[in-house]
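We have chain A already, so just place chain B on it with the hints.
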Amino acid sequence: MIKSHKLVKAYGEGELQLTVLKSLNVEIEDGEFLAIVGPSGAGKSTLLYQLSLLDEPTSGTVHFDDIDTSLLSQAERTALRLNRMGFVFQDYALLPELTAEENVALPMLMQGMDKKAALKGAGKALERVGLLDKRVNLPSQLSGGQQQRVSIARAIAHHPHVLFADEPTANLDSTNGELVMEAFKALHKEGQTIVMITHEEEYARHARRVLSIKDGQIVGDVRKK
Amino acid sequence: MKKLRALQREYFHALRVGWFLALRQIKRSGKGTTALIIFIMVLTFLNLVVVSGLLLGLITGSFVQFRDAYSGEVIITAAEGMDHIENSPALVNFLESHPKVEAFSPRYGAGVTVLGTLTRLPEKNERPNQLSMRVMGIDVEREEVVTGFSRFLKYGEHLAPGEEGYMLIGANLLKKYSAFADANIPGLDLLDDVDVGSRVRMTLSRKDGGIVRKDFIIKGIVKSKVDEISTRMFISNQELRRLLPINKEQLQEIAVRTDLEYAPRLVEEIKTFMGSYAARVQTSDEAIPSFLRDIETTFGVLGNALSSIGVVVASITVFIVIFINAVTKRKFIGIMKGIGVSPRAIELSYVFQAFFYGFFGCLIGVLLTFGFLEPYFAANPIDFPFSDGILVVTPTGAALRVAILMAVTLFAGYLPAKLIVRRNTLDAILGR
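Residue numbers (the numbering used here), protein chains in the order written: chain A, 390 to 614; chain B, 2 to 433.
Looking at chain A on its own, in the form it has when it is part of the complex (with noise of 0.2 Å):
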């Protein structure tokens, strides 16, 4: 479970002072499919970077788990956003001189499997996005519905707790980005938690739950059934 409390996040000082988050209080349960939505300059991105252990919030604490994260040094937060956390970015985020199967096997080898677990590790995942043959293409080899894939399966290979995905599908057509979705709602199924920055309502729609920002505020959290 994440947990937090007043967060709030503030950039500048003094009368330049601008506050993107104002004292948000989220809780997302394990197994949750997430999307969180709004216009933009709503606080969105800033939001998954304060629960994803990117940023640091001005104030408010995060819980993951029983832990306060607040407490933790950059090497810990570090490691649980290795061990804990899958990462899914809005440009694929791809290492460029890495082929598609060894950016999918380094969080696993940095966790400290070896290297051919590693890379069997990554072509299972990598089949699971249906792109096992193009393990051993670079990025700049892939299409861009392909490296987005290829990022899914990244965050996914080493078995995270939580997905986080900054609009994942803003870069992708159509297509794509039903390919993606497609590919979330099936990881969804699983029971993986998945945490979605999107400002398209048809790709949040695929969310079990829509969390709705303006202003730095939740406006609105809706449940499906």
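Honestly, the hints are just simulated from the structure, not real lab data.
Worth double-checking, as some hints may not be accurate.
As the list claims (entries may be wrong) - Partial list, derived from the structure: chain A residues whose beta carbon lies under 8 Å from chain B:
#, residue
1, I417
2, E418
3, G420
4, L471
Said to hold, decoys possible - The list that follows gives simulated cross-link-like pairs (lysine-lysine, DSSO-like), each with its CA atoms no further than 27 Å apart:
#, chain 1, residue 1, chain 2, residue 2
5, A, K504, A, K523
6, A, K504, B, K32
7, A, K504, B, K125
All C-beta atoms, glycine included, are put in the ideal place defined by N, C-alpha and C.
Okay, now just chain B, sitting in the frame of chain A:
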């Protein structure tokens, strides 16, 4: 203990992932860029080795020439205050029977005055065309074996063994050939109008008070960067012995060829045989004039100073290369940190890359130095006025420079990586 094990495990994983990333970054980066960086490292290594090596080589070249052209590995001269080597015949017998002595050349010597113009007397207040110099009586055949004397003959012909009435003269004694002829140095006397075929008159004052005068024909002119060749005259030893007074068996110099490593031991053996006061016995290194030693020291300091600048330049080069590499990949560094790759692993990936560049730069540098440059300069020394400059580089010296360059490279690779990696993860990912 548990903490230590966890730390060890973390370091091991970081090393493994660092290596994994570095290998792929090198493998898949532009071949031209990699080649250029390695080329810069090669140049940096050569800068460290060659600049100081050539500076030292200028002087070492003159040491080598001194040994090859004049002293041999061991030079025996008269003891201080004496004008000849005591008990020379016994010493000659000793050297002849010594198994480690490959060859030796006994030389007689005397101070003489040479008159260059015999056809007319000098006018009033006109300086006579004459100068004082040292004449050496050499055994032509033995001298050839020890120093290859005939190679110094630039004009005319060599003396035949035992030939009388002819002499060879050093080029620096003749106005026509001396390198100092145009220098107008006060007190520097040179023979004018003397060339191959000229007749000169040698005057030698004997110890018994007698004066010996004899006319010689210049048969050849010898020239070398070793002063002991270019500023002396040479006649056959038989002739000089006949001209020398009193005890004609007393030699002034003996140049001995032996194994270079063995030379110090041979010196001790000769000293033991002769006694301390009979002669001055030195290895060629010991006999080298002290001013050359001073120049060697100065050039050594200069070489080290230039090398230090080279090291700084090398470190800055590597720093810039890695920094640019890391800055351009800042976003990907952020992503790696974001997905949980430890900063240490990322830093190590850059250190490994720096190691790769440094290692191959040094390897190619070493191969170039020992496989091409050193033999090339040995075969084609740089023609300096006072020596033939060679490249002096020892395996130990090269190894030290490799170690220095590698250490500097690794540090210069680590530092920029550290600077970039420590930046905020999210800022790096978002490129702000």
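Per the CB criterion, is I417(A) less than 8 Å away from chain B? violated, 19 Å
Please work out if K504(A) and K523(A) have their alpha carbons no farther apart than 27 Å.
holds, 19 Å
Handout entry: 27 Å Cα cutoff - pair K504(A), K125(B)
Key = This hinted pair is violated, its Cα atoms lying about 101 Å apart.
Exercise for the section: Starting from K504(A), check that the Cα of K32(B) is at most 27 Å away, please. Expected result: Measuring from Cα to Cα gives roughly 26 Å; hence the hint holds.
Query raised in the report: Against chain B, with CB atoms and a cut of 8 Å, does the hint on G420(A) hold up?
Result: violated, 22 Å
Q.
Take the shortest C-beta to C-beta distance between L471(A) and chain B; is it under 8 Å?
A. holds, 2 Å
| Proposed interface contact between E418(A) and chain B, which counts if any beta carbon pair is under 8 Å | For E418(A), the interface hint is violated, since the closest Cβ of chain B sits about 23 Å away, which is over 8 Å.
Hint compliance for this structure: hints 1, 2, 3 and 7 are not met, and every other hint is.
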